[in-house]
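**Q** Sequence:
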Amino acid sequence: MDRIRKKYENSMRGLNKLLELQDIKTVESDVFRDALIQRFEFTFEMIWKLLKAYMEDQGIQDINAPKAVLKEAYAQNLIDHEDVWISMLKDRNLTSHIYSEAVAVRISKDIIVSYIPLFEKLLNMLEAKI
Numbered sequence: 001m002d003r004i005r006k007k008y009e010n011s012m013r014g015l016n017k018l019l020e021l022q023d024i025k026t027v028e029s030d031v032f033r034d035a036l037i038q039r040f041e042f043t044f045e046m047i048w049k050l051l052k053a054y055m056e057d058q059g060i061q062d063i064n065a066p067k068a069v070l071k072e073a074y075a076q077n078l079i080d081h082e083d084v085w086i087s088m089l090k091d092r093n094l095t096s097h098i099y100s101e102a103v104a105v106r107i108s109k110d111i112i113v114s115y116i117p118l119f120e121k122l123l124n125m126l127e128a129k130i
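For the sequence shown, full-length UniProt numbering begins at 1 and goes up steadily by one.
Treat the hints with caution; some may be incorrect.
[What the hints assert, rightly or not] Dumping the calculated DSS-like pairs for lysine-lysine here, alpha-carbon to alpha-carbon at most 25 Å:
id	residue 1	residue 2
1	17	7
2	109	6
3	67	7
4	129	17
5	71	129
6	109	121
7	109	71
8	7	129
Read the hints as simulated data drawn from the structure, not as lab findings.
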């Protein structure tokens, strides 16, 4: 459980860094948008790995890829809005490989409107369990 607690704390730190940018809400600024997307990428990475570790601790093994982790987390009622989490994964992959300003603006808005609230909901729920 110490390993999970550490992953949880790292995920919270990542989310807090992301929240610092949420208040600015200036997706038209390249610098802001790039920082928001980068913080989203590493926060998402920490959170899916936290989910994986938590489920392994609960006896759920052999789920290694992010999509499989998200699908199992949904099946275990750890997350809701599976479609949004899968979109989040796709957006994380998209930002890592392709840069288009229009896509970056859309993803930035999705981060603020949809993704951050889901991160917060998950981490609040896990805090009570670990």
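**Q** With reference to the structure, classify each hint as holding or not holding.
**A** Comparing the hints with the structure gives:
1. 17 - 7: 15 Å, holds
2. 109 - 6: Not OK: residue 109 and residue 6 at ~29 Å, beyond 25 Å, violated.
3. 67 - 7: Status holds; Cα separation ~19 Å.
4. 129 - 17: 23 Å, holds
5. 71 - 129: 20 Å, holds
6. 109 - 121: 18 Å, holds
7. 109 - 71: Holds - the C-alpha atoms of residue 71 and residue 109 are around 24 Å apart, at most 25 Å.
8. 7 - 129: 13 Å, holds
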